[in-house]
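Once you've looked at the hints, go ahead and assemble the two chains, each given alone in its own frame, into the complex.
Residue numbers (this note's numbering), protein chains in the order written: chain A, 49 to 405; chain B, 299 to 867.
Treat the hints with care, as some may be off.
Per label pair, the in silico range of CB-to-CB distance [to be verified]:
no., chain 1, residue 1, chain 2, residue 2, range
1, A, Glu395, B, Asp607, 37 to 43 Å
2, B, Val824, A, Arg113, 53 to 59 Å
3, B, Ala395, A, Ala273, 19 to 25 Å
For the record, the hints were derived by calculation from the structure and aren't laboratory data. Every residue gets a Cβ at the ideal spot worked out from N, C-alpha and C, and that includes glycine.
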Amino acid sequence: MSRRRILRFTFGLVWSVFAAELFLRVMHPVPMLPRYVQPTPYGIRGNMPESEYWHSTPDYKIQIRTNAHGMRADNPVPFEKPPTTKRIVMLGDSFGMGFGATAEQTFLSQLEQNLSRAGIPAETLNLCVSGHGNAEQLIELENRGLKFDPDIVLVAWHHSDLEDNIRSGLFKLDEDQLVRASKSYLPGTTIAERLFRNRAYRWLAGNCQLYTWSREKASSVAQQAMLNLRPTKAVRKSLQHAQKGQEETKRGTSYPDRLSLALLTEMKRVTEEHGAEFVVVIVPRRYNRVLFATDFPIEVVEASPELDIVNPLPRFEKHSGELIYWEQSHFHFTPLGNRIVGEAVAEHILEHDLLGR
Amino acid sequence: MLFNSIEFPIFFGVVFTLYCMMRSRLLWQNVLLLIASYIFYGWWDVRFLFLIVLSTAIDYSTSLMMVRSKISVAKRIQLFAFVTLSAFAFVVVRWSAVQTGWFRVPTGVEWQSVLPDAYDSTGRISVEWLILIATTIGLLLFNVITGTMARWSDVARRRTCLWISMISNLALLGFFKYFNFFAENFAELSQTLLGTAPSQLTLDIVLPVGISFYTFQTMSYTIDVFRGEVEPSDDFIEFAAYVAFFPQLVAGPIERGKHLLPQFRKPRPRLTLDAFSEGGWLIGWGLFKKMAVADRMGFIVNETFSPFDQLSNANPEMLVTPAVPDDGLTLWVALFAFAIQIYCDFSGYTDIARGTAKWMGFDIMLNFNLPYISRSPSEFWRRWHISLSTWLRDYLYIGLGGNRGGRLATYRNLMLTMLLGGLWHGAAWNFVLWGAFHGGLLCLYRAFSVESGAKDPWPRKLMMWSAMFVFTLLGWLLFRARNLATIALFLQSMFLRPFASEQTLLDIRQLLFYAWFLIVFQVLQVVSGKLNPVKDWHWFVQLNVWIFIIMSAFALAPIGKQEFIYFAF
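So here's chain B without its partners, still in its complex pose (with noise of 0.2 Å):
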């Protein structure tokens, strides 16, 4: 479900009035956000919902078991109920059998369709039989095996669950999201090598969204239960629907456990004017980022890039398509735009979240702050998708050693850390290419010992600033093109070409448009140092920034739902 669809709206009205109806019980109101939460995520495809339960167990079996040597009979019936059952409702159920109308709602079922045949056409055990019976077995084993854990000394125990939860989460996100890839380069290496390949060695595989999101953020907690930073949770539900929690399940941020877990434990604060108004501002000020700019925006990137991106890096005609752009002002502005669109997206999303969440009495931790002010890269990433970035920081770099083993180990940390930052993104060289090049920038940063300080004279941190906005702009190039051949082509042209066209000054005026606004308000935060200056203005200045945002989320967005571009990652 998507937070600028039409059903999002009544979806969480409906929920929001429950929710509130329950405002005296703690174990009810969880309950109905786990519930909602799984219903917003199968609204997309209700199959990988099981890939989130399967998560969801792993983590929370494995971090009690790190802490206690035991889990309760109680606890093991509960959860092995609770999987298989998911596995048979959503992935051996078939849901394309009940048949819907408008917002869903259920008109009929075609009962002769609702379960697949035990057998498949060529005579093979169906897939979807087939999961269910190795979810039954796996958690038999699982059972075993942690049944004997209760002998095992402590570390060996922690360690191996640790383990566990590693391995299970990275094969879950290796295999949706990353198996093509490698196949794909293994079969090119190949047929380099040795001047054959293997034959269908890739698998039609979709990306189940969010997948990124919510396994870095179970990752995380088990983590941190390893390092005995986080007290496991012991109650399923609970920890289900921290996991699963609707406002930021596909986008993000990438909740720690120490953050959100706990306030899913006590009951949540009642809803104040000033919370209200705070969460409505949010809401507003994100449909507005997303409706208004980021998807307006996404036409000027669009009209330039998108002639290139069937380019293919393997494709022999790629010489002979597009030339070298002549105005290379065009894709200056272009860039400028993307800049601007994929900040508007993905922080609008956040936005929305964070407001959603500050309605129902939850903290989600600021995923943007003013980006593109920063002066180094390192200050850009302290403010760019801010949950990953730590996260990264504290999981991978740290882990990695961080900056205790001297400069080459220090900027060799940096730059795996990057290079698996921008493979996170996606699959794709382009990404990695990303990674590798703010990976780059950091350690050259570090070792000139390039940074802007608070007391640097104005025409410093101008020049630090124009710079890191370049800087920020190339890094985009490789994030956007979705070949190597255009990065190629449009780097010679932005620079060996930079001219205008008529095309120049078109985007140009249809960025300022849509962008106006976005740019004044950005300037204005800056100057008062407020995320949020609205609020200490005078009651009509707030009432018309209001009507401008309101009126520009719905009147000025395209037509037809705009998918968020982090859903993708």
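For reference, chain A alone in the conformation it holds in the complex (with noise of 0.2 Å):
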């Protein structure tokens, strides 16, 4: 090859890179949301502790800062609950966490506002981490979430917990028991840490689009692969017929849905053992700017009232056209939809004066 091609083969490789990136922000700028995370001493993601980041999309520009505990927020927070004090622990993914909100804006933020407008002054810890499904939160719930001593422990239920319970292999259903399968599910968390030790890094996954858009597709393509290497060949079917909408049995009974069930029925079981309250919220699914649904299994709960369930889909109904959803920014909660989701669970939980024991 002569100097002149080998110039001209860099600079063309090097002008690709530069002009892929230029694409994407002209013409389909890509949400930046980096995820800190690090794995956990018992065996999960946990969001690295003392961090400060940006969230920037097309939609808004969001600092996300994280306390001692990796949990979202700016001071540290104490295991001993103060006298008096009412505490409310949350557990969930992105939604929870409050992706797309600031702090104040977040649901569970709103949640503390209105109770303390009620006259009740609690304390809520938002111990989500973004892509938890049920097992993770169960494990984080066990290891960590009843160290604080709470009064009400609320897991914010998300429709891809059906898949994540899946995909991370922590837990499975043996003749319907649920059973622990795996002691950890760290998917390219301890790289992740690592990498983001680095401030070079930390600037490519916050500022470079190319990067960014080249690493989702990646990874959806990634967990698309470990949804189905990881389970049995009976729950890979069940799996199948139920992305497939072929379920052939009715709504509830599919092996995710059962799973998630049985994971939110033990989570259950240890807040009540600890003497706490246990609520799920369900954060709809959004189909267009009118069209919203769940895909929680909510007509066997009501069935065998187990779990104690907020549903805020009517809330979203009424708000029908409104910007619920960010729709540039991976769909998640404007500070409209936190401010809906954080009223109607102040309202069950006044309702049913869950915090006046």
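Here is the structure:
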């Protein structure tokens, strides 16, 4: 190869990266939502403590800050509960963590504000981690959540939990009994932790759209692969049926549904053993600005009311047509969406006097 | 398997590597292509592979019998074994018993459910076994009949073979594609005329993907052999690979035996840098058209059409459901978007098919040649779905007498050809109407001798182009509407209430955002007179065009697999 060709090739390569970045910025801005996670001693992902980073998308630019426990908060929270204070611990994924909202706008903060207005001073602790499913939430609750001595444990249930529970392989159902199947689930976390220590990488993850876009594409392929490789044959079949909407049995009886319900029931048992209340809030799925639904097998739960459910779907329908979800930012809640959910949970707690005991 | 799925590049990568390794072994390459093609098709549904095998076997044997009075015993045994084994493997064996993981890699087999029970719950022999038995008996009978044919005269034998092929292929197509359509219409007619309709006339039939394409391809081959235009294929593997050639199996182009079959008979040329870059461009450009343009246009189209899709001609609520839309301009924009969608979807598929075939040393015919620059309906059909329009011209229009029987006969032939062309696209009245509309246009233009020549002044050219483009859009309304009620409502709105709304502006904005590059590029293609003007441009400009189309295809594509529209035909 002549020197001229080598030069042209090198220039072409560099230019391609630059032009692809330019393309994304102009034609298809990518939401930059880096996840600062690290392995926890109990084998799942946790937020990096004391970190500060930005989420920037075509819809918003918001700073995410975590405290020493990795919670989305500015102040350190001691394990001991102050006297006369009620505590609510929340477990969930990016919706619960409040992606798309400032720390004061998250639905957990909204809940705290609503309760405060109603004369109940409650402290809310956000233990949500982006990407967590119910399996990780259970482990988080057992290993950390209960140490904060909560009065209420709140779980934000999102439809992605159905797949996340299977993908993680942490628990399985053995003849309808929940069994721990794996000690840990840390997909790429060790590498991510190392990379995020590097300043240049942090800059890349927070600023380079081409990198974020490529990483997301690769990660969606990897997630699909894991979903197919992890579970047993029967589970995979049930999951394939559920994904195709071909579930031969009624809602709530597919394997992903049953696993999710078993995990929630176990969380409830653990919570009640501790003397606290357990509440599940459903995060509605968005189809468009006027159409919302939930994949939670709510009719099954209603038939045997073991779980205390808050379903904000009717409230969402009242706000039909308004901007409840960010439309260019992975459809997380807007401040309005957070407000609706915060109000729904607060009303439920007050109505059932869950903090009055 | 879809070209725009993650499975296809992996599949093609493996096939292409093996194909290159077998460079000097023609037979092995053909065997590989046949297996790959069956895997490609079976990815959707293994059972329907048997229809391809059946169509292949019928046309292989009938075409051979046309030219030779006898088929050798060895060939008969080969054919018998291939068809019966296929019936067993594709129909009787339950592939759902094989557990698969990612990329359908087998992970286990439920051995007890691999074969169906001989009798079903009602005590009757199960359909799968019945098909195998019927196939075996059919083959034995066919052997007896063809054995006696040796004593027939040449003309009688050739004609009988042609009829066997035509009837078998049309029966397959008719049953799987048109049975329910005719049964439903017969029931409706019976209800109207006699006040009673036969019950349970329709069947639960799945339309096999690509059946219209491969049956037309095999029929054209047999007709060409009958006409003496093609030497019949002696090698079953070569012929089967030609019928099932995966790049063009499910959505065309409908290749003629005289063009594609000889390419299976001789060693394919080595992949040169030019062929590689030309094939690569076709694949990239095809993916861009499908993923970044067609699928995005689909959103605009569906947003406008879907509220009307549930209307039924027989629905008594028809008159009280959706009123005539007030913003007729939105409907015009949606039709424009559909024109882009269907062009990009279908021509995108063809481009990818041509590109992948080119990499393997095959030349597949051009199927679209800038159809929207046409200034007359006859020009449009010379540029749109060329493989189908030339098929209809050569085997139907000319067969009916073409333009040799005077004016009225010509109009009749044009109308019949276009009506059947419309029906080819789908078993629904809107497709018949679409065919009739284009047939009518062809007749009208011919009756008034409206043609636009290259030497016409530009205002006339512009006028003719505008008129034809509007006619094309109206044709697409007939094509896209799911029922006649929608057509009536839309026509009223488009012509009597041509007003804009907020939605009109949103749709125009979206349309221009996703289709601007395609429109600019098509203008460049027209101005340069080349379908691929890029290869003459400076390397740096070429690089940027490549970056644009690749990034568009992968970044602008909607989430999830989007099927090709023509898979339904």
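Comparing the hints with the structure gives:
no., hint, result
1, A:Glu395 x B:Asp607: 37 to 43 Å, "40 Å, holds"
2, B:Val824 x A:Arg113: 53 to 59 Å, "57 Å, holds"
3, B:Ala395 x A:Ala273: 19 to 25 Å, "23 Å, holds"
Checked against the numbered hints above, the structure violates none of them.
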